[in-house]
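Asks: One line per chain: the protein sequences are E and V, in this order.
With my numbering, letter number 129 in the first sequence gets 129, and the count goes up by one each step, no holes.
If you want my numbering, it's the 1-based position in the second sequence plus 1000.
Think of the hints as simulated: they come from the structure by calculation, not from any bench.
Among these hints, one or two may not hold up.
What the hints assert, rightly or not - The calculated lysine to aspartate or glutamate pairs, modelled on EDC-like cross-linking and capped at a C-alpha distance of 16 Å, are: (1) V/LYS1155 to V/GLU1116; (2) E/LYS174 to V/GLU1085; (3) V/LYS1107 to V/GLU1085; (4) V/LYS1054 to E/ASP125; (5) E/LYS174 to V/ASP1059.
What the hints assert, rightly or not - Ranges between beta-carbon positions, derived for each pair: (6) E/PRO93 to V/GLY1064: 25 to 35 Å; (7) V/GLY1021 to E/VAL65: 39 to 49 Å; (8) V/TRP1136 to E/PRO133: 26 to 36 Å.
Given the structure is predicted, the values throughout are model-derived calculations rather than measurements.
Using N, Cα and C, we set each Cβ at its ideal position, and we do this for glycine too.
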Amino acid sequence: MDLVLQLLFTGIGIGAVYALVALGFVLIFRATNVVNFAQGEFSMVAAYLMVVCVELGLPYWLSFVIALAGMALLGVIFNLGVYYPLRHRTYLPVIIATIGASILLSNSVLAIYGPQPQVLQGWFDTPGIQLGPVYLDSQYLLIIGVTIFLVLFNFWFFEKTLLGKKLQATSQDKEMASLLGISVSTMIMITFIYSAVLGGLAGILVAPVLFVSIQMGSTIALKAFAATIIGGFGDVAGAIVGGLALGVIETFGAAYISVPYKDGFAFLVLIAFLVFRPQGIFGERVAEKA
Amino acid sequence: MPLLEIRNLVVRYGEIEALRGVTIAVEQGQVVTLLGANGAGKSTTLRAISGLAKPASGDILFDGHSIAGLGPEAIVRLGISHVPEGRRVFPGLTVKENIMLGASNRKVSASQISREADAMFDLFPDIRAFSNALGWTLSGGQLQMVAVARGLMAKPRLLLLDEPSLGLAPVIVQAVFRIISQIRKDTTVLLVEQNARMGLSVADHGFVLETGRIVLGGKPDELWGNEAIAAAYLGGHAKTHA
């Protein structure tokens, strides 16, 4: 039982990272009808920004702020350079452009930093606390805390603010939104900035748990993408639930079945969903929201 | 000076010339109805005015200034509100949220917009009860009410209404047209209709479009009076009425 609780904690912690990246996927998909294949690279770039700032001797919190500001800027550049010139085309050129951007980002980091994985220390000096039978790692606590905050923020922003409603309107019918005087290009810019920051946050938070490497982005992104399909593609709640579920499943799979096949469990679940419930957990709601 | 003046407007979709030199004028305070068959260019005319379709040549003057070539976001800020064909109510937002977003062209606070949206239900009492219902759950008539209410939230000087009666039961059509005759007290309206009888019943002036050209214009009585043209362009109702 103790082990189960311990695994559950770790699983939710890692699942929260998938959830954040998955949320970025979903928000961009809803605004532009395109899957952003560079979403994982947002996490990787942010983790490297963090490593650079910390190595320069900046305080951890300042590095954090700079890395997130850098991600916001990357969101702007990404929108203007990758999406905006192709916005009147079909989804295919845009998807290919995001794949190109993903390769560009990872190879740029590779050229600057080399292939050796980097280590990023955690936010807290204390490694964790013992709560009854469960050891709560401080970094996982931080990840879970930030994710809870962001889920609440996301709900408040999209459901309670006029800007959130304008973003939703834009994702549902761009032409109608523009007829009402909503600046569609501004709304899409905001979406890219927000998604880049979300992806960046996930990368910064998970970096101390994993290694900071060129490949970390694609690994996280694949899991997050699987999470969005499991949750119900295009659904915000689905992305979060799918991400958490995937984290828990792979942690238990690693503990009880096989450690080397840890990454395989996520995709086994994905395949099971694609065969038996392709619309995902919240599938019906997607149709309503579309 | 007319509030809206369209001069020799040509709009092309690729090779196809949807409008081939349309000239119309809408005076301040009037309801002007644009009639014509499917594909005559009625919707294209409205889309060109609101900036969704780019004119190939000709000019569109609003209040004496050219708006041809401006984007839809800029045009609605000048005071032209377009309620497009098919209602286009946001399916994932509630009725009230849809109506509130109609004020996106104006710089007013969210609380003010919320109050104005509540006041809008006085004009549209039938949808008040559905204030918190999502757009996709509504019937065609309710969607039309929401679309018009949302269009009015822009506080337009000119309201463009595209086929408000399309697909609605006769009793609902009458309710929609009652609202149009109420709106006209404050707003100039350019109305596109296939239902000629209803369209002309509220109009001060009518134009008939045929394959991208204006073939006839005049007061509703004159249009009904021209029997041959009425029969050809105004549909089956014309004979009984004329």
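Asks: Against each hint, give a clear statement of whether it holds in the structure.
Replies: Against the structure, the hints:
About 10 Å separates the Cα atoms of V/LYS1155 and V/GLU1116, which keeps this hinted pair within 16 Å; it holds. This hinted pair checks out: E/LYS174 and V/GLU1085 have alpha carbons roughly 15 Å apart, not beyond 16 Å. Between V/LYS1107 and V/GLU1085 the CA atoms are separated by roughly 27 Å; this puts the pair beyond 16 Å, and the hint is violated. For the hint pairing V/LYS1054 with E/ASP125, the CA-to-CA distance comes to about 61 Å; that exceeds 16 Å, so the pair is violated.
Simply put, E/LYS174 and V/ASP1059 have alpha-carbon atoms about 26 Å apart, too far for the 16 Å limit, and the pair is violated. Between E/PRO93 and V/GLY1064 the beta carbons are some 42 Å apart, a value that contradicts the proposed interval 25 to 35 Å. For the hinted restraint 39 to 49 Å between V/GLY1021 and E/VAL65, the CB-CB distance of approximately 60 Å leaves it violated. At roughly 48 Å, the beta-carbon separation of V/TRP1136 and E/PRO133 lies outside the given 26 to 36 Å, and the hint is violated.
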